[in-house]
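In order, the protein sequences belong to chains L and R.
For what it's worth, our numbering labels the leading residue of the first sequence as 1, then goes sequentially.
For what it's worth, our numbering labels the leading residue of the second sequence as 1, then goes sequentially.
Think of the hints as simulated: they come from the structure by calculation, not from any bench.
A hint or two may mislead.
Okay, the calculated beta carbon distance ranges per label pair [unchecked claim]: (1) Ala-9(L) to His-130(R): 35 to 45 Å; (2) Thr-178(R) to Val-90(L): 30 to 40 Å; (3) His-221(L) to Leu-153(R): 49 to 59 Å; (4) Gly-120(L) to Thr-178(R): 32 to 42 Å; (5) Ala-8(L) to His-130(R): 50 to 60 Å; (6) Lys-127(R) to Gly-120(L): 58 to 68 Å; (7) Ser-145(R) to Gly-263(L): 30 to 40 Å; (8) Glu-63(R) to Gly-263(L): 31 to 41 Å; (9) Pro-14(L) to Leu-117(R): 53 to 63 Å; (10) Thr-178(R) to Ser-88(L): 26 to 36 Å; (11) His-120(R) to Gly-263(L): 31 to 41 Å; (12) Lys-34(L) to Leu-144(R): 44 to 54 Å; (13) Arg-134(R) to Ala-9(L): 31 to 41 Å.
Using N, Cα and C, we set each Cβ at its ideal position, and we do this for glycine too.
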Amino acid sequence: MHTLKKVAAILNPPAPHMVGDGFRVHNFFPSGYKIKMDPFYLLDYNAKIEFSPTNSPKGVGVHPHRGFETVTIAYQGAVAHHDSAGNSGVIYPGDVQWMTAASGILHKEYHEENFSKKGGPFQMVQLWVNLPAKYKMSTPKYQAIAHSQIASFELPDQKGTIEVIAGNYKGVKGSASTFTPIEMYNLRLNAGAKATLSSNSHYNTALIVIEGNITVNGTGHAATNQMVHFAHEGSEIEIETNENSVVLFLSGEPINEPIAQYGPFLMNKPEELQQAIEDYNTGKFGYLEE
Amino acid sequence: MLENFQSYLKERLAITDEQAKEATSCLKSKTFKKGTILLSPGDLRSDNYFINEGLLRSFSIDEKGKEHIIQFAPENWMISDRNSAVFNEPSVFYIDTIENTEVLIVPNHFFADIQKLLPHILELNIKMLHNSIRFMQQRINMLLSATAEERYLDFIKLYPNLTLRVPQWMIASYLGITPESLSRVRKDLAKRHFR
Numbered sequence: 001m002h003t004l005k006k007v008a009a010i011l012n013p014p015a016p017h018m019v020g021d022g023f024r025v026h027n028f029f030p031s032g033y034k035i036k037m038d039p040f041y042l043l044d045y046n047a048k049i050e051f052s053p054t055n056s057p058k059g060v061g062v063h064p065h066r067g068f069e070t071v072t073i074a075y076q077g078a079v080a081h082h083d084s085a086g087n088s089g090v091i092y093p094g095d096v097q098w099m100t101a102a103s104g105i106l107h108k109e110y111h112e113e114n115f116s117k118k119g120g121p122f123q124m125v126q127l128w129v130n131l132p133a134k135y136k137m138s139t140p141k142y143q144a145i146a147h148s149q150i151a152s153f154e155l156p157d158q159k160g161t162i163e164v165i166a167g168n169y170k171g172v173k174g175s176a177s178t179f180t181p182i183e184m185y186n187l188r189l190n191a192g193a194k195a196t197l198s199s200n201s202h203y204n205t206a207l208i209v210i211e212g213n214i215t216v217n218g219t220g221h222a223a224t225n226q227m228v229h230f231a232h233e234g235s236e237i238e239i240e241t242n243e244n245s246v247v248l249f250l251s252g253e254p255i256n257e258p259i260a261q262y263g264p265f266l267m268n269k270p271e272e273l274q275q276a277i278e279d280y281n282t283g284k285f286g287y288l289e290e
Numbered sequence: 001m002l003e004n005f006q007s008y009l010k011e012r013l014a015i016t017d018e019q020a021k022e023a024t025s026c027l028k029s030k031t032f033k034k035g036t037i038l039l040s041p042g043d044l045r046s047d048n049y050f051i052n053e054g055l056l057r058s059f060s061i062d063e064k065g066k067e068h069i070i071q072f073a074p075e076n077w078m079i080s081d082r083n084s085a086v087f088n089e090p091s092v093f094y095i096d097t098i099e100n101t102e103v104l105i106v107p108n109h110f111f112a113d114i115q116k117l118l119p120h121i122l123e124l125n126i127k128m129l130h131n132s133i134r135f136m137q138q139r140i141n142m143l144l145s146a147t148a149e150e151r152y153l154d155f156i157k158l159y160p161n162l163t164l165r166v167p168q169w170m171i172a173s174y175l176g177i178t179p180e181s182l183s184r185v186r187k188d189l190a191k192r193h194f195r
């Protein structure tokens, strides 16, 4: 017998701040709200915003990461990316970039050149997905997942599509490989659609309304830019759309390990942070031109 | 927000919590947004800034408009322009915030004022001054004699996490090298150390 997953809170986006000069983000966690979302450590949401045209692309310069994965999901606009492992690419609307920083990588992220020149609406999500201790120092890797490659589940009566970025939705297997069990979907639903999601009751779970207006479990109403956070009770989530809507769904098995974080490093112990700083300072993360 | 300064005193003087609280009760904290100038050349101010949270720097600007960074002051550091703080002469340097910062304002007369309460404070102050002179001498020696790489390696020993908080050009300015030389140093280190 499946029971509905209890809604813990419907959260407004916290006040935004700039990351570099190219991302105006609302940090839902860990600073915005103190909610349990392990294995997701951080969620920066760049709500839709207009960027005016410019010849010098805005963004974030070279910076390191160690101990986790960054996942960038583009909804509007385009971001160019380069890293010290020699990977580069452009993340367009619908694409997902899943970068496993693990033992250490340097990267930079800027608005793609043509997008910068033309300007326009920009909307992105960036997540930090934690890694269990035993994988924190594994070799960095990079999954560039184009929108067209993302496996999807079609709702009956052309009511919409559920794009399975990671995990498994009704037999459709997610495109990204993950280190711990994670369900991550983009729901692109037409008005009047109904979709049911399920996830283990002990998984930490939330969704963000990227666009539109939805009703969750019959009673909870969430509008554009709001997050719905779920309690550890029940496993089923029913979503009904009141208009055409896009929803990002996140659910994951908690890693439940100690956390030590400083700036761009996410480890288990303070001494591992010291080591990360020293390794970064002495070139052990490699080199990337500004 | 006096706790950090109280701990700072307690770690260096054998005093009780109560003594630390009483000694610091007259001090006020203040917050500043990133990019705020706290002191400019010509200002007369007897304040030292103890950093609770955030990051300050002192610097000068030459005739060509180029900035030269004298000192960074992250958490638990104290910064001032001694021209005005100690000698009551016009300041020579700028002091501004690199991050949103909370400082405790420690007037220069603070150390004399609390002597009765904390008899060892003057000794501590002298020791801190000597420590500061020691580092200043090391910095002069580096600027006169060391290679760019040696200066950088000395910098990361003194300020391990500032490479994550400060733009490259500011580190280059502090080291007295061009941003291009700093990039070269970091690139060379990566070539030797990246496995």
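Evaluation of the provided hints:
1. Ala-9(L) to His-130(R): 35 to 45 Å: At roughly 55 Å between Cβ atoms, His-130(R) and Ala-9(L) fall outside 35 to 45 Å, so the hint is violated.
2. Thr-178(R) to Val-90(L): 30 to 40 Å: holds, 32 Å
3. His-221(L) to Leu-153(R): 49 to 59 Å: holds, 58 Å
4. Gly-120(L) to Thr-178(R): 32 to 42 Å: holds, 37 Å
5. Ala-8(L) to His-130(R): 50 to 60 Å: At 56 Å between Cβs, range holds.
6. Lys-127(R) to Gly-120(L): 58 to 68 Å: Once the Cβ atoms are compared, 60 Å apart, the range 58 to 68 Å for Gly-120(L) and Lys-127(R) holds.
7. Ser-145(R) to Gly-263(L): 30 to 40 Å: Given a distance of about 33 Å, which is inside 30 to 40 Å, the answer is holds.
8. Glu-63(R) to Gly-263(L): 31 to 41 Å: For Glu-63(R) and Gly-263(L) the Cβ distance comes to about 36 Å; the hint holds.
9. Pro-14(L) to Leu-117(R): 53 to 63 Å: violated, 43 Å
10. Thr-178(R) to Ser-88(L): 26 to 36 Å: holds, 27 Å
11. His-120(R) to Gly-263(L): 31 to 41 Å: holds, 37 Å
12. Lys-34(L) to Leu-144(R): 44 to 54 Å: At 51 Å between Cβs, range holds.
13. Arg-134(R) to Ala-9(L): 31 to 41 Å: At roughly 54 Å between Cβ atoms, Ala-9(L) and Arg-134(R) fall outside 31 to 41 Å, so the hint is violated.
Checked against the numbered hints listed earlier, the structure breaks hints 1, 9, 13; every other hint is satisfied.
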